[in-house]
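*Asks:* Protein sequence lines, in the order shown, are assigned to chains A and L.
Residue 69 in UniProt numbering sits at position 69 of the first sequence, with consecutive numbering throughout.
Residue 8 in UniProt numbering sits at position 8 of the second sequence, with consecutive numbering throughout.
Worth flagging that the hints you see were computed from the coordinates, not collected in a lab.
Check each hint, because a few of them may be wrong.
Copies of the same chain look alike in the list, so a pair counts if it fits in one copy or across any two.
[As the list claims (entries may be wrong)] Straight line, CA to CA, 25 Å or less: simulated SDA-like cross-link-like pairs of lysine to any residue:
| id | residue 1 | residue 2 |
| --- | --- | --- |
| 1 | K146 | R79 |
| 2 | K109 | A127 |
| 3 | K29 | A64 |
| 4 | K68 | G94 |
| 5 | K60 | S45 |
| 6 | K74 | M18 |
| 7 | K29 | S101 |
| 8 | K74 | L46 |
| 9 | K29 | E136 |
| 10 | K39 | M18 |
| 11 | K60 | M18 |
Treat the numbers as computed from the prediction; the structure is a model and nothing was measured.
Protein chains: 2
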Amino acid sequence: MSADQVTDTEFDIPLQQMVTFRLSRIHAKLNAQAARILKETAGISLSQWRIFVMIETHGKITPAQIVKRTDFDKGQVSRTVKGMLKEGLIVVEGSESDQRSHTLEFTDKGYGLFQQARPAMRTRQTALLGSLTANERQVMFTAMDKLELAMEQIEEESRA
Amino acid sequence: MSADQVTDTEFDIPLQQMVTFRLSRIHAKLNAQAARILKETAGISLSQWRIFVMIETHGKITPAQIVKRTDFDKGQVSRTVKGMLKEGLIVVEGSESDQRSHTLEFTDKGYGLFQQARPAMRTRQTALLGSLTANERQVMFTAMDKLELAMEQIEEESRA
DNA sequence: ACAAAAAAGTTGACGGATCAACTAAATGGT
DNA sequence: ACCATTTAGTTGATCCGTCAACTTTTTTGT
Chain A
1 MSADQVTDTE
11 FDIPLQQMVT
21 FRLSRIHAKL
31 NAQAARILKE
41 TAGISLSQWR
51 IFVMIETHGK
61 ITPAQIVKRT
71 DFDKGQVSRT
81 VKGMLKEGLI
91 VVEGSESDQR
101 SHTLEFTDKG
111 YGLFQQARPA
121 MRTRQTALLG
131 SLTANERQVM
141 FTAMDKLELA
151 MEQIEEESRA
Chain L
1 MSADQVTDTE
11 FDIPLQQMVT
21 FRLSRIHAKL
31 NAQAARILKE
41 TAGISLSQWR
51 IFVMIETHGK
61 ITPAQIVKRT
71 DFDKGQVSRT
81 VKGMLKEGLI
91 VVEGSESDQR
101 SHTLEFTDKG
111 YGLFQQARPA
121 MRTRQTALLG
131 SLTANERQVM
141 FTAMDKLELA
151 MEQIEEESRA
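Please construct the entire structure, taking both the sequences and the accompanying hints into account.
*Replies:* Below is the structure:
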């Protein structure tokens, strides 16, 4: 049951950093690679891509809804949207029921760039997922769920 | 075999972002939590902690060796070391064989702070690893290995 | 031995992420 | 209906991560 014996044979990376550290490195590499692909294929940033994906998936979504669904920082969403408006990648449409908010939509230009980036992104995603067996994928996702839960519990305990 | 059918039932998060996106969020949360703990327990930053861990593990290590082993950015290592010197957390000792480089060591103050942060960090690490079964841990690490490999292959292919 | 290449470290620039303060609009309890 | 609270979005400050340019020193090939 105790987790201490898992990796006590220290090779290069000490116990204390295994999970955090490995995830951190993978994340950095994944991000850098995605950013590079997006820049090369469509000249857009990773933040912009993520906004596009949310619009594509949910259609006419507001910044607040994006924040709720993704946990992105609302400041950053605001700035990214601002940039995308200036570049003519999206347009906003004021909501009638709520004067504060507006829904986001593709422009033709924005949609074009999004489509331009998609094949490479899709290929990459397929290659990444394809490198794992079905079982590995499944276990990895449940493991990530559990890690997120464990983090929340740590947070609660340390606040008690 | 095809990876497309894995998550084609789109719930909240579309296929294109599953891996990248989940990892990104977990990474961000893990980082934020670690940073908070380190600040509260010892008043040090995550970068400083990581340098400490490397010194602790390898003893009298040079910045270049840290970069090799961890893939940290050498610019950032340089800056972090500079800050730690100014705060008196470490000292450097010039190498005789190489005029360019220097090894890093704890000061008493630095070691004290490191020890001060350790229990909370260790507890957290144990809680994180402990939330997973042995099998999940093992599968997760091999999955991460495979993902890193897949990324490298994508990189090579796109350069061809 | 010497020129060319590689390695160690520093620094500047820039984008991304996080946090906090702020404005304005909507909601809810009484 | 009214005041307090919540929610949407903007903006500024700050830190971290990444990239590239540069200096100095060491290594390597001939």
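*Asks:* So, against the hints stated earlier in the document, which numbers end up violated here?
*Replies:* 1, 2, 7
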